[in-house]
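Generate the whole structure from the sequences, applying the supplied hints.
One-letter residues, chain by chain:
2 protein chains.
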Amino acid sequence: MNLRLALAQLNPTVGAINANLQQLKDAYAEAVQKNCSLIAFGELSVTGYPPEDLLLKPRFIIDQLAALNDFAASTSSCVAVVGVVDFDGQQLFNAAAVCSDGKVQHVYHKRNLPNYSVFDEKRYFSPGTEPLQLIGVNGVAVGISICEDIWVDDGPHIELVSAGAEILVSINGSPYHLDKDAERENLIANRASDLQVPICYVNQVGGQDELVFDGGSFVVDRGGELVARAPLFEESLLITDVSIEPREVRAQRTIDLGSESDTEISDPPLTPVADSISGDSELYEALVLGTRDYCHKNGFSDVVIGLSGGIDSTLVACVAVDALGPDHVHGVAMPSRYSSDHSLTDAEALADNLGIDMRTISIEPAFAAYMDMLDPSFEGRQPGLTWENVQSRCRGQILMALSNEFGWMVLTTGNKSEAAVGYFTIYGDSVGGYAVIKDLLKLKVYDLCRLVNQRSGKEVIPDNVITKPPSAELRPDQRDDQSLPPYEVLDPILSLYVEHDRTTTDIIDEGHDPDMVSRITRLVDIAEYKRRQSPPGVRVTRKAFGKDRRVPITNGYR
Amino acid sequence: MNLRLALAQLNPTVGAINANLQQLKDAYAEAVQKNCSLIAFGELSVTGYPPEDLLLKPRFIIDQLAALNDFAASTSSCVAVVGVVDFDGQQLFNAAAVCSDGKVQHVYHKRNLPNYSVFDEKRYFSPGTEPLQLIGVNGVAVGISICEDIWVDDGPHIELVSAGAEILVSINGSPYHLDKDAERENLIANRASDLQVPICYVNQVGGQDELVFDGGSFVVDRGGELVARAPLFEESLLITDVSIEPREVRAQRTIDLGSESDTEISDPPLTPVADSISGDSELYEALVLGTRDYCHKNGFSDVVIGLSGGIDSTLVACVAVDALGPDHVHGVAMPSRYSSDHSLTDAEALADNLGIDMRTISIEPAFAAYMDMLDPSFEGRQPGLTWENVQSRCRGQILMALSNEFGWMVLTTGNKSEAAVGYFTIYGDSVGGYAVIKDLLKLKVYDLCRLVNQRSGKEVIPDNVITKPPSAELRPDQRDDQSLPPYEVLDPILSLYVEHDRTTTDIIDEGHDPDMVSRITRLVDIAEYKRRQSPPGVRVTRKAFGKDRRVPITNGYR
Numbered sequence: 260m261n262l263r264l265a266l267a268q269l270n271p272t273v274g275a276i277n278a279n280l281q282q283l284k285d286a287y288a289e290a291v292q293k294n295c296s297l298i299a300f301g302e303l304s305v306t307g308y309p310p311e312d313l314l315l316k317p318r319f320i321i322d323q324l325a326a327l328n329d330f331a332a333s334t335s336s337c338v339a340v341v342g343v344v345d346f347d348g349q350q351l352f353n354a355a356a357v358c359s360d361g362k363v364q365h366v367y368h369k370r371n372l373p374n375y376s377v378f379d380e381k382r383y384f385s386p387g388t389e390p391l392q393l394i395g396v397n398g399v400a401v402g403i404s405i406c407e408d409i410w411v412d413d414g415p416h417i418e419l420v421s422a423g424a425e426i427l428v429s430i431n432g433s434p435y436h437l438d439k440d441a442e443r444e445n446l447i448a449n450r451a452s453d454l455q456v457p458i459c460y461v462n463q464v465g466g467q468d469e470l471v472f473d474g475g476s477f478v479v480d481r482g483g484e485l486v487a488r489a490p491l492f493e494e495s496l497l498i499t500d501v502s503i504e505p506r507e508v509r510a511q512r513t514i515d516l517g518s519e520s521d522t523e524i525s526d527p528p529l530t531p532v533a534d535s536i537s538g539d540s541e542l543y544e545a546l547v548l549g550t551r552d553y554c555h556k557n558g559f560s561d562v563v564i565g566l567s568g569g570i571d572s573t574l575v576a577c578v579a580v581d582a583l584g585p586d587h588v589h590g591v592a593m594p595s596r597y598s599s600d601h602s603l604t605d606a607e608a609l610a611d612n613l614g615i616d617m618r619t620i621s622i623e624p625a626f627a628a629y630m631d632m633l634d635p636s637f638e639g640r641q642p643g644l645t646w647e648n649v650q651s652r653c654r655g656q657i658l659m660a661l662s663n664e665f666g667w668m669v670l671t672t673g674n675k676s677e678a679a680v681g682y683f684t685i686y687g688d689s690v691g692g693y694a695v696i697k698d699l700l701k702l703k704v705y706d707l708c709r710l711v712n713q714r715s716g717k718e719v720i721p722d723n724v725i726t727k728p729p730s731a732e733l734r735p736d737q738r739d740d741q742s743l744p745p746y747e748v749l750d751p752i753l754s755l756y757v758e759h760d761r762t763t764t765d766i767i768d769e770g771h772d773p774d775m776v777s778r779i780t781r782l783v784d785i786a787e788y789k790r791r792q793s794p795p796g797v798r799v800t801r802k803a804f805g806k807d808r809r810v811p812i813t814n815g816y817r
Numbered sequence: 260m261n262l263r264l265a266l267a268q269l270n271p272t273v274g275a276i277n278a279n280l281q282q283l284k285d286a287y288a289e290a291v292q293k294n295c296s297l298i299a300f301g302e303l304s305v306t307g308y309p310p311e312d313l314l315l316k317p318r319f320i321i322d323q324l325a326a327l328n329d330f331a332a333s334t335s336s337c338v339a340v341v342g343v344v345d346f347d348g349q350q351l352f353n354a355a356a357v358c359s360d361g362k363v364q365h366v367y368h369k370r371n372l373p374n375y376s377v378f379d380e381k382r383y384f385s386p387g388t389e390p391l392q393l394i395g396v397n398g399v400a401v402g403i404s405i406c407e408d409i410w411v412d413d414g415p416h417i418e419l420v421s422a423g424a425e426i427l428v429s430i431n432g433s434p435y436h437l438d439k440d441a442e443r444e445n446l447i448a449n450r451a452s453d454l455q456v457p458i459c460y461v462n463q464v465g466g467q468d469e470l471v472f473d474g475g476s477f478v479v480d481r482g483g484e485l486v487a488r489a490p491l492f493e494e495s496l497l498i499t500d501v502s503i504e505p506r507e508v509r510a511q512r513t514i515d516l517g518s519e520s521d522t523e524i525s526d527p528p529l530t531p532v533a534d535s536i537s538g539d540s541e542l543y544e545a546l547v548l549g550t551r552d553y554c555h556k557n558g559f560s561d562v563v564i565g566l567s568g569g570i571d572s573t574l575v576a577c578v579a580v581d582a583l584g585p586d587h588v589h590g591v592a593m594p595s596r597y598s599s600d601h602s603l604t605d606a607e608a609l610a611d612n613l614g615i616d617m618r619t620i621s622i623e624p625a626f627a628a629y630m631d632m633l634d635p636s637f638e639g640r641q642p643g644l645t646w647e648n649v650q651s652r653c654r655g656q657i658l659m660a661l662s663n664e665f666g667w668m669v670l671t672t673g674n675k676s677e678a679a680v681g682y683f684t685i686y687g688d689s690v691g692g693y694a695v696i697k698d699l700l701k702l703k704v705y706d707l708c709r710l711v712n713q714r715s716g717k718e719v720i721p722d723n724v725i726t727k728p729p730s731a732e733l734r735p736d737q738r739d740d741q742s743l744p745p746y747e748v749l750d751p752i753l754s755l756y757v758e759h760d761r762t763t764t765d766i767i768d769e770g771h772d773p774d775m776v777s778r779i780t781r782l783v784d785i786a787e788y789k790r791r792q793s794p795p796g797v798r799v800t801r802k803a804f805g806k807d808r809r810v811p812i813t814n815g816y817r
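First to last, the sequence lines map onto chains P and C.
Throughout, my numbering is defined as the position within the first sequence, counted from one, plus 259.
Throughout, my numbering is defined as the position within the second sequence, counted from one, plus 259.
Honestly, the hints are just simulated from the structure, not real lab data.
Warning: the hint list may mix true and false statements.
Identical copies look the same in the list; a pair holds intra-copy or inter-copy alike.
[Claimed, not checked] The calculated lysine-lysine pairs, modelled on BS3-like cross-linking and capped at a C-alpha distance of 27 angstroms, are:
1. K316 x K789
2. K802 x K316
3. K439 x K316
4. K806 x K316
5. K789 x K806
6. K284 x K727
7. K381 x K439
8. K381 x K316
9. K284 x K316
10. K381 x K802
11. K802 x K789
12. K362 x K293
13. K717 x K727
14. K381 x K806
15. K316 x K362
Since the structure is predicted, the reported quantities are computational estimates derived from the model, not experimental observations.
In C-alpha cells, the structure reads:
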C-alpha cells in the first residue's frame with residue numbers, strides 16, 4: 260500500500276502572516292493537483308520560525324490563528340499538517356494543526372521545547388501534555404511530532420509507533436550549521452530502522468536574521484533508506500509515494516480522515532533524490548542564501564562593500580554577487596596614505612572579474628581634517644592606534660553615506676577570527692547591516708576563496724589576494740601577524756575558547772602555549788562590548804557570535 | 260525567642276569568583292563579630308547574577324564550587340546561606356548552600372526558574388525536585404527558598420511552613436525597575452501575614468550590564484510589618500533581631516546547626532529601617548549606580564560626553580558626575596554650521612555648573628571634507644538626510660578618537676523615545692560604551708532634569724535647556740516636531756507598543772489616531788536593526804530595549 264506525500268519546503272518570512280498563508284495555499288493546491296493524500300509544512304509555518312517576541316503580542320497570536328482557520332477552510336480531502344501557535348486561553352503551544360475537509364481536525368502540541376543554543380522556546384511555549392493521537396489518512400495511521408521531539412530518545416515517536424503509527428511525520432524549523440543535514444539524515448534513518456517505520460522529515464528553508472534554514476527535507480523508508488530528498492537551500496515541493504506496511508492500530512486513538520481506499524494513481528511518483536552537497540560548498544551556499552534573504556526580506560535590492568583588495572572583502576563580494584546579481588553590488592575602494600598599490604589593483608581586478616560597479620574614494624581629506632581637529636586635544640602625544648581607528652571610521656562614514664543616499668545596504672566584511680579578538684574598529688570596518696562571513700574563522704575564508712575559483716574554473720579572485728600576507732594597512736608596512744599570532748595558531752585556540760566553551764586553563768592543559776592562550780582569551784573577553792554592537796550575520800557553525808553565545812560584557816572571569 | 264540575622268546586600272561582579280569570595284568572607288566575619296546566628300547572601304553570590312553563558316563552561320562551574328568550599332571551610336557556628344551553582348554530574352542547579360562549622364551542611368535547589376523578560380534560567384538550570392528540608396539554627400526552624408520561588412503562589416514557602424518553618428529566608432538576584440522595591444515589599448508582607456511567619460528577604464545590589472540591582476533587603480515579622488530594611492542602591496550588611504514564635508517541627512526533616520540555646524546578646528540590635536525613595540529619585544539613583552558600576556567594573560574611571568546643550572546630554576552629564584565625580588567627566592561641544600548660539604552657551608554653562616572638563620571641537624573641517632569626497636558620487640543630487648547623518652557621525656568620530664586616545668568611555672545620550680522610532684544616526688549619536696538614559700522616554704528625561712535642579716536647590720541645569728524646543732540642529736531651523744509628533748502624543752503610543760506588547764490595531768482601537776499610530780509603529784519596526792547595534796544601558800522599566808525585548812529584525816508583521 261502506498262501513501263502519496265508532499266513535503267512543502269517553503270521559505271516564509273517571520274511575521275508576514277498573509278504572505279505565508281498564500282504560500283501554504285499555493286503548495287496545497289499543487290499537492291491536490293498531484294493527487295497527494297497528505298502534505299506536511301514546516302514548524303510554525305504560519306508565522307515563520309522563529310517569531311521570537313512577536314509571540315508576546317496577544318493580537319499576533321489571534322491573527323495567525325485566523326490565518327490557520329482561513330487555510331483550513333480552503334482544504335479538501337488532502338490532509339495538511341501545518342505548524343502554528345496554539346493558545347488554550349492561558350498558555351501558548353508550538354503546534355501542528357491537522358487540516359482537511361474545510362476545518363482543523365486535530366492539534367498536536369510539541370512536547371520537547373529546545374531552550375539552548377539559539378533556541379528560546381521555553382520563553383514562550385508550554386510543553387504538550389495531551390494524550391497522543393494517530394491520524395488516519397486513507398486508512399494509514401500517521402504519527403505527528405515537531406522538530407526537537409524526534410531528537411529526544413524517548414520522544415513521542417516511541418509512543419506513536421507502539422500505538423500503531425505506520426508512518427511518522429516530523430515538521431521542523433531546524434537551522435543550519437556545517438554538516439547539520441548529514442547529522443539529521445543519520446538520526447532519522449536510525450529512528451526509522453529502530454522503529455521499523457518510514458519517516459517524513461520536512462524542514463523550512465531560507466534566511467531569518469542570523470539563522471539560515473537549509474531545507475533538505477527527506478523521506479526514509481522503514482529500513483532507514485533514503486527514498487526522496489529535496490535540495491538544500493532552495494524552496495521545493497517534494498512529492499513521493501511511500502510504501503506502508505500495515506500495523507495493528509488501536510482504533511480509539513485514531514482520527515480517520517481522507518478516503519479509506521488505497522488511491523490508485525496513474526502518473527509516476529515524483530521522487531527525485533536531490534544531490535547532497537557538503538563541506539565548503541555547503542558553507543558557501545548558506546552564506547549566499549542568508550545574505551540574499553536578509554537583503555530581500557528587509558527590502559534591499561542592492562548592497563555596497565568596501566573593497567580593500569584583501570581576502571575578506573573579496574569573499575563577501577563574491578557571495579553578494581551570487582546572492583543578488585552583479586548589477587546589485589557596488590564596490591568602493593578607499594585608499595589612504597598607507598595603502599599599497601596592490602590593494603587598489605587587486606580590488607579593481609576583482610570588480611572587473613565580477614562585473615560589478617566600482618568606485619574609488621580616497622579617505623585622505625577626512626583623515627587629514629580629523630588630525631587637525633584633534634591636534635589641540637592630542638598636543639604633545641603620538642597617537643598610534645587612535646589614528647588607525649580614525650582611518651577605519653572614515654571608511655565606515657563613506658560606506659554609510661552611500662548607503663543612506665542610494666538605499667544600498669552595507670555588507671560588513673569582518674571574519675570570526677577578527678571578531679573574536681577584537682581586531683576591528685567599532686563604527687569603522689564593522690559598520691553595516693549584515694556581516695556575511697562573521698562566523699567563518701580566517702583560515703576558512705581562504706578555503707572558500709579557493710572554492711570560488713575552483714567552481715568557476717577561472718581566476719575570479721586574483722591569485723595575489725589569496726597569497727599575499729593579510730594586513731589592515733593602517734600604518735606603514737603593517738601586517739596582521741605583528742598584532743596576532745599566525746592564523747594557524749590563532750584559529751584553533753579561538754575554536755576551543757569560543758565554539759567549545761573551554762577556559763584558558765583547559766586550553767593550556769591541552770598543551771597550547773600558556774602566554775599565548777592567556778593573551779588570546781583575554782582579547783576575546785574584552786572585545787565583547789564591540790561584538791555586541793556588530794551587525795548580525797549568517798550562522799554556519801555550532802556556536803556563532805550572536806544569540807548563540809550570551810556572555811556578559813562585565814565579566815570578571817579569567 | 261530572638262534570632263539575630265545578617266542580610267548581606269553585596270555588590271558582586273559577575274565571574275569575579277575570587278573577589279566575590281572575599282566579599283563573602285568579609286561580611287561573614289562582621290556577622291560573627293556582631294554575634295549573628297545566621298547570615299544570608301544573595302542569589303548566586305559566588306558567581307554574581309546573572310552569569311549567563313559562563314555557566315556553559317564546565318571549568319567555571321568547578322571554579323565557583325571550589326570557592327564555595329573555600330568559604331565553607333572558613334565558617335564557624337554562624338550559619339551562612341550562600342547562592343551558588345550546584346552540579347550533580349549531569350545538570351546544573353541554581354542553589355542555596357547552607358554552610359557552618361567548616362563545611363557545606365545542606366544544598367537547596369531552586370524549584371521555580373524564571374525564563375521570561377530578562378531571565379533565561381531554563382537555558383542553564385534544572386528545577387530542584389528533592390524533598391524540602393528545614394535548617395535548625397539555634398533551635399529555630401529556618402526554611403530557605405530562592406527568588407522566583409516566593410513569587411509563585413504555590414512555591415516552596417507553603418510546604419516549608421506546613422513542615423514547621425519558623426522563619427523563611429529568601430535569597431534574591433532581583434533586578435530593578437521602577438517601583439519594584441515597593442512591589443516586593445508588598446508581596447513579601449502578604450506572604451508573611453498569610454503564613455504567619457517572619458521573612459528575611461536579601462537582594463544583590465549593583466549594576467551588571469543592562470541590569471541594575473537595587474538591593475533594598477528587608478525583614479518583615481509574622482504580621483507582615485517591616486522590622487528592618489537596607490538602603491536602596493548601596494551595599495549594606497543589615498543586622499537585626501527577629502522575634503520567633505515556636506511551631507511544631509517535624510524533626511526528621513530538619514538539619515540542626517548552631518547551638519541549641521537562645522543566644523543572649525548584650526549589644527542592642529542594629530535594625531535601621533532605611534528611608535524609602537521612589538519615583539523620579541529612585542530612577543535617578545538607578546541610573547547613577549548602573550553607570551558607575553558599568554564603568555568601574557569594566558576598568559574605566561573616566562567618561563566623555565558630547566554636550567549639545569540639549570536636554571538628553573545634559574541629564575547624562577549630571578548622572579555621570581554623580582556616578583564618577585566631576586574630575587572624571589569630560590564634555591565636548593561639537594558645533595556645526597547649523598548649531599545655534601545657545602547650544603554652545605548652554606553646554607558651557609552646564610559644564611561650569613558641574614565643574615567638569617569641557618572642550619569645543621567644530622566638526623566643520625571633517626564635514627566639508629566628506630562633502631567634497633562624496634561630491635562625485637552624489638553629483639546632481641541634493642542629499643538631505645545623508646548630510647544630517649554625516650554630521651552626526653563626525654561627532655561620533657571625535658568622541659571615539661578621544662576615547663581611544665585617553666581611555667575615556669563614551670557615554671551615549673539617546674533616550675528611549677528616539678531609540679524607539681529610530682530618530683538617531685547609527686554610528687553617529689548612538690556611539691558609546693553605555694547608554695545612560697536609553698530606557699527613559701523623552702518626557703521622563705524632562706522630569707529628571709527638573710529633579711536635578713530641585714535636589715541641588717539651584718539651577719545646575721540652565722533653565723533654557725529645559726524650556727527650549729528640542730532639536731537635533733542638523734539643518735537650518737530644525738526641530739524634533741517637524742519629524743515627530745509632540746512627545747506628549749508620541750510617548751504614550753510608544754509605551755503601549757514597546758512596553759506593553761500592544762499591536763497597531765490594538766492602539767488604534769484604544770482611540771489613537773490611526774495614521775499616526777501606523778506611522779509610529781512602522782518606525783519602531785524598521786529601526787530594530789539600528790537598536791540592535793546600540794550600546795547597553797540601564798534598564799529602569801518593565802520592558803527595556805535589550806535582552807528584555809527580542810524582536811526579529813526581519814519582521815513582516817504590521
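Checklist entry - For K802 vs K316, is the C-alpha pair at or below 27 angstroms within one copy, between two copies, both, or neither? => result between (29 angstroms within a copy, 13 angstroms between copies)
Checklist entry - 27 angstroms Cα cut-off: does K381 pair with K806 within a copy, between copies, both or neither? => result Both: 15 angstroms inside a copy, 15 angstroms across copies.
Checklist entry - Within a copy, between copies, both or neither: where do K381 and K439 come within 27 angstroms Cα-Cα? => result The answer is both: 23 angstroms in one copy and 25 angstroms across copies each meet 27 angstroms.
Next on the checklist: Within, between, both or neither: how does the pair K802, K789 come out at a Cα-Cα threshold of 27 angstroms?
Outcome noted: Answer is both: 18 angstroms inside a copy and 24 angstroms across each meet the 27 angstroms cutoff.
Item to check | Same-copy or cross-copy closeness of K284 to K727 [CA-CA at most 27 angstroms] | outcome: This pair counts as neither: shortest intra-copy Cα distance 53 angstroms, inter-copy 56 angstroms.
Checklist entry - Between K316 and K789, at a C-alpha cutoff of 27 angstroms, which is it: within one copy, between copies, both, or neither? => result between (31 angstroms within a copy, 22 angstroms between copies)
Item to check | Alpha-carbon proximity context of K717 and K727, limit 27 angstroms | outcome: within (19 angstroms within a copy, 64 angstroms between copies)
Checklist entry - How do K789 and K806 come out at 27 angstroms by Cα distance, when the copy is not named: within, between, both, or neither? => result Close inside one copy (15 angstroms) and across copies (17 angstroms); limit 27 angstroms.
Next on the checklist: One pair to classify: K806 and K316, alpha carbons no more than 27 angstroms apart. Within, between, both, or neither?
Outcome noted: Cα proximity of K806 and K316: in one copy and across copies (21 angstroms, 17 angstroms).
Next on the checklist: Regarding K284 and K316, is the shortest C-alpha distance of 27 angstroms or less found within a copy, between copies, in both, or in neither?
Outcome noted: Answer is within; shortest intra-copy Cα gap is 25 angstroms, inter-copy 46 angstroms.
Item to check | Alpha-carbon proximity between K362 and K293, which holds within one copy, between copies, both or neither at 27 angstroms | outcome: within (21 angstroms within a copy, 72 angstroms between copies)
Checklist entry - Under a CA distance limit of 27 angstroms, which applies to K316 and K362: within one copy, between copies, both, or neither? => result within (25 angstroms within a copy, 49 angstroms between copies)
In this structure, the one hint that does not hold is number 6.
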